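Protein sequences appear in the order of chains A and B. Going by the numbering used here, the residue at position 87 of the first sequence is 87; the numbering climbs one at a time, nothing skipped. Numbers given in the numbering used here equal positions in the second sequence, counted from 1, plus 1000.
Since the hints were made in silico from the structure, they are not lab data. Keep in mind that this is a model prediction, so the values were computed, not measured. The beta carbon of each residue, even a glycine, is placed where N, CA and C say it ideally should be. Among these hints, one or two may not hold up.
Calculated cross-link-like contacts (lysine-lysine; reagent style DSBU-like; alpha-carbon spacing at most 30 Å) [claimed, not checked]:
| # | chain 1 | residue 1 | chain 2 | residue 2 |
| --- | --- | --- | --- | --- |
| 1 | A | LYS298 | A | LYS247 |
| 2 | B | LYS1292 | B | LYS1479 |
| 3 | B | LYS1146 | B | LYS1206 |
| 4 | A | LYS337 | B | LYS1555 |
| 5 | B | LYS1550 | A | LYS317 |
| 6 | B | LYS1146 | B | LYS1462 |
| 7 | B | LYS1555 | A | LYS281 |
| 8 | A | LYS230 | A | LYS7 |
| 9 | A | LYS247 | A | LYS214 |
| 10 | A | LYS205 | B | LYS1201 |
| 11 | A | LYS298 | B | LYS1268 |
| 12 | A | LYS327 | A | LYS341 |
| 13 | A | LYS357 | B | LYS1146 |
| 14 | B | LYS1550 | B | LYS1576 |
| 15 | A | LYS230 | B | LYS1555 |
| 16 | A | LYS298 | B | LYS1354 |
| 17 | A | LYS341 | A | LYS247 |
| 18 | A | LYS247 | B | LYS1575 |
| 19 | B | LYS1146 | A | LYS4 |
| 20 | B | LYS1566 | A | LYS327 |
| 21 | B | LYS1570 | A | LYS317 |
| 22 | B | LYS1566 | A | LYS281 |
| 23 | A | LYS324 | B | LYS1201 |
| 24 | A | LYS341 | B | LYS1572 |
| 25 | B | LYS1570 | A | LYS94 |
| 26 | A | LYS230 | A | LYS327 |
| 27 | A | LYS3 | B | LYS1462 |
| 28 | A | LYS327 | B | LYS1555 |
| 29 | B | LYS1201 | B | LYS1285 |
| 30 | B | LYS1575 | A | LYS341 |
| 31 | B | LYS1570 | A | LYS337 |
| 32 | B | LYS1566 | A | LYS324 |
| 33 | A | LYS327 | B | LYS1570 |
So the derived label-pair ranges between C-beta atoms look like this [to be verified]:
| # | chain 1 | residue 1 | chain 2 | residue 2 | range |
| --- | --- | --- | --- | --- | --- |
| 34 | B | ARG1512 | A | LYS357 | 47 to 55 Å |
| 35 | A | CYS30 | B | GLY1358 | 41 to 49 Å |
| 36 | A | ASN210 | B | GLN1528 | 31 to 39 Å |
Some chain A residues flagged as far from chain B (calculated, every beta-carbon gap over 10 Å) [to be verified]:
| # | residue |
| --- | --- |
| 37 | GLU55 |
| 38 | GLY137 |
| 39 | LEU146 |
| 40 | SER243 |
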Amino acid sequence: MIKKSFKVHGVYVHVPFCKRKCLYCDFFSCASDNTELMLQYADAVCCQIEQTQAEVTDYATIYFGGGTPSILPVDGLIRIVEKLKQCGFWQMPKEATIECNPGTVDLDKLQVYRQLGFDRISFGVQSFNNNELQIIGRIHNADDALTAVALAKAVGFKRINVDLIYGLPLQNLNSFQYSLQQFCSLNLSHLSLYSLILEDGTSLKTMVDNGQIKMPDENLTADMDDWVQKFLLQHGYKRYEISNYAKTGEESKHNLVYWNYLPYIGFGAGATGFDGWTRYKGVENIGQYIQSPLAVEKEHLTCDNIYSEFMFMNLRKVDGVRLKEYKERYGEDIIDKTLTKINTCIEDGLVEYDDKKDVLRLTERGMSLGDLVFSKFV
Amino acid sequence: MEQSHIRNFSIIAHIDHGKSTLADRLIEMTGTLSKREMQEQILDSMDLEKERGITIKAQAVRSIYKARDGEEYMLNFIDTPGHVDFNYEVSRALAACEGALLVIDATQGIEAQTLANVYLALDNDLEIIPVINKIDLPSADPEKVKKEIEEVIGIDASDAVLCSAKTGEGIEDVLEAIVKCVPPPKGSENTSLKALVFDSKFDAYKGVMLYIRLFDGVIRPGMKIRMMATGAVFDVTEVGVFKPNIINVNELRAGQVGFFAASIKTVKEARVGDTVTDAENPTDKPLAGYRKATPMVFCGLYPVENAEYDNLRDALEKLQLNDASLVFEPETSVALGFGFRCGFLGLLHMDVIKERLGREYNLNLITTAPNVVYEVFYTNGDVNLIENPCLFPDPNVIDHVEEPFVNATIIVPKDYVGPVMELSQEKRGIYDNMTYLDENRVMLHYSLPLAEIIYDYFDRLKSMTKGYASLDYELSGYKDTNLVKVDILLNGEQVDALCAIVHKESAQRRGRALVERLRSLIPRQQFQIPVQAAIGSKIIAREDVAALRKDVLAKCYGGDISRKRKLLEKQKEGKKRMKQVGTVELPQEAFMAILQMDK
């Protein structure tokens, strides 16, 4: 492989605070309403931004994720955004997104977000059924979600995403269809639709293991999956990644940086960055991060790691991947080895390769059974 | 030391009644090892033995004890494997002694294994000293145990020694009882060498070390000796004792216990139970009781990766150096490729070998379900022993089939007698008799097919009696039986390694249970997999493993990539443990499914 350096295409800022931790969440975040701590944290992020050297494209995307970025005091948020702009990380972003919990926004906050330059907002709605929201520990209800979306529209957000989850405890096909219908009636630009994954170490996992909560059965979630693909297409949402749907031209440009396996930079406790060769991650501890915001844990990727990640990230997109792209970036021709690895997957109809266009992509069946293909690359 | 000051003894006990702890305490008390050198249960030297709390190989430790009479005595303690699989080894170890400590848990009383071992000891004319252990426990009832010993075994228990191996209480009394009650050996040092091999151990430098008890004569380095059963002749290179570390000595004399090495390459050349004599001046008659250990339980062992076949063979050969009762020969399975059919003394022996292959030789193996050896009588008059269920012949050519039966002793609290009898009946047991040990406990005798014991008899016995039942058995011989072969088909293809020989009457039920079990064990795959059981061409049961509908990680963003990659790597690692059979990936447990059908 030829070692060359890449420019940063996306900037991620992690806000690891939440009002309350949801039962299924395994992201790094802490339940806190300590304004003082949050402001200290914001200063630490500024410090990290200031001291970080990187070659950034002028159109690099911006993404504030969490945790709950909308819980951050507006002062803190302003300081971070100003610092990003001052240091050249925020120039003319193709997209600037902020994640919000529907239970933590109001008109004033949303107006500030717009003024700061955020043009896209993402709400963690998860469901429009209150019993489902309650059992997974969300702090908001369905009405909050509707209100939040209305406010976002009112302050001028044109690009609004909603996250929904299927395979929730208590959920059935009807209630899931209801959530999707509610979503469609809002006429938003983007939907992230995840099936619930029981992650180790989460409260939900413990409760399921102890029999306190019952998860819906495998067949039900597969039925939901089958139904929703047709439904969304009928309503003008095109699937462009395994779990993401958008109206034409409304795809998340920031998340595409990840799926295109392009370099990105991460600021904040527990935030991950990637320069094309090495992945680094800030400490997952708010106190320690405030003390030394520059401390990162590095993971040097081997050539095999890079190849497998390049493949399974790129293949998540409906458009698939050009195999020559790898040679352009890393100098190695992978066409033959890739086709050898996946010949059985091609036979099984999970993946298809158009050699004229040089496009390898998952079939519709492969989109449901992606891990069978991805595992060929590790 | 004079023979009058030598005591050769063994300890017999049911599992968990405290044999190893008592042995540790005796060694500690005689100062054979300093406190610093002591580590818990030093005699069980294999990791596996420690973990399972069992003894697999016999050990022999010499210690010197200064008794209350002021004299010093040489105590040779021969530790025996306690498990029924190793009954023959136990009997040889006992044959090397003059006395045995019968250790019984003061809270539990006599168990089936205690009895079996006591009978072995009585067969060998040993002086038996009852030792009631764990008297420190609040629920200890030594008087009740004494009464049981007298009534059930029929030996005087009035002088039974009470002790707690855990606290050390009464240990000196145990040592005194050994000196006082165990008769000294009475062989002649001046006649030709006559020694019993009661165990052996392979050492990479010395070759096979034979553990011996000298009855007559002397053995020293430089002597030419002959193994009377195998006829092999060797030059003795080294003679020594265990304290319990190896100490070389100039000679071993009549009545003593120790080891010798003679550049013997494999344990096959010098088997347990054989008699060692002077090659130039042999004794006229070997010691009684030699027999070759015969494997009772067989299974197929296959490497998951075919490339590991040679490593598996090397590992089996190495284990065989130390274990004459392990037999194996190459076999081929359509489903599993090249492997070995291995014979074992019993299930524990099989488990131990399997675990050692995995642990010590790092082999990733598939084991087929264990089976017994069937004796098939053909219509044309031929007789054949079938060790592999796949090779069970077509019913048309069979005149009749015989299978091994055991005499089983079961001890249970009286409330469980009904269920145990029902279970034994279901398992084709033939009732023999029943005795009350006391007002609460009952001893049952049944004749049972060994195949049923291997299958799930013991597990079900344990669970239906909440663990109170104890079981012991010995092979009684072959009996006429009515068996059929049940084949398993996956995706319409017969999988030879999954077939099973079952009794005709239960074939339908077992076939059904087996496909249900397989359906739950086989992970969903891309396509639906029919699982069928068949007798001949007739399908008797079918279940389908539904096709996998969804297998993809929903979320994957910048922070998840490494984790996701590691997850995929882990899944791949897990897949490596699966065996591809035709188009189906089978987990290793599938090949043992027949053993776990009723769980």
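Hints, one by one, checked against the model:
no. : hint                             : in the structure
1   : A/LYS298 - A/LYS247              : violated, 37 Å
2   : B/LYS1292 - B/LYS1479            : holds, 22 Å
3   : B/LYS1146 - B/LYS1206            : violated, 46 Å
4   : A/LYS337 - B/LYS1555             : holds, 27 Å
5   : B/LYS1550 - A/LYS317             : holds, 17 Å
6   : B/LYS1146 - B/LYS1462            : holds, 26 Å
7   : B/LYS1555 - A/LYS281             : holds, 19 Å
8   : A/LYS230 - A/LYS7                : violated, 38 Å
9   : A/LYS247 - A/LYS214              : violated, 35 Å
10  : A/LYS205 - B/LYS1201             : violated, 50 Å
11  : A/LYS298 - B/LYS1268             : violated, 57 Å
12  : A/LYS327 - A/LYS341              : holds, 18 Å
13  : A/LYS357 - B/LYS1146             : violated, 89 Å
14  : B/LYS1550 - B/LYS1576            : holds, 21 Å
15  : A/LYS230 - B/LYS1555             : holds, 21 Å
16  : A/LYS298 - B/LYS1354             : violated, 41 Å
17  : A/LYS341 - A/LYS247              : violated, 34 Å
18  : A/LYS247 - B/LYS1575             : violated, 39 Å
19  : B/LYS1146 - A/LYS4               : violated, 85 Å
20  : B/LYS1566 - A/LYS327             : holds, 24 Å
21  : B/LYS1570 - A/LYS317             : holds, 23 Å
22  : B/LYS1566 - A/LYS281             : holds, 16 Å
23  : A/LYS324 - B/LYS1201             : violated, 62 Å
24  : A/LYS341 - B/LYS1572             : holds, 14 Å
25  : B/LYS1570 - A/LYS94              : violated, 37 Å
26  : A/LYS230 - A/LYS327              : violated, 36 Å
27  : A/LYS3 - B/LYS1462               : violated, 64 Å
28  : A/LYS327 - B/LYS1555             : holds, 27 Å
29  : B/LYS1201 - B/LYS1285            : holds, 26 Å
30  : B/LYS1575 - A/LYS341             : holds, 16 Å
31  : B/LYS1570 - A/LYS337             : holds, 22 Å
32  : B/LYS1566 - A/LYS324             : holds, 26 Å
33  : A/LYS327 - B/LYS1570             : holds, 28 Å
34  : B/ARG1512 - A/LYS357: 47 to 55 Å : holds, 53 Å
35  : A/CYS30 - B/GLY1358: 41 to 49 Å  : holds, 43 Å
36  : A/ASN210 - B/GLN1528: 31 to 39 Å : holds, 33 Å
37  : GLU55                            : holds, 18 Å
38  : GLY137                           : holds, 18 Å
39  : LEU146                           : holds, 24 Å
40  : SER243                           : violated, 5 Å
Consistency with the previously given hints fails for numbers 1, 3, 8, 9, 10, 11, 13, 16, 17, 18, 19, 23, 25, 26, 27, 40, ordered from lowest to highest.
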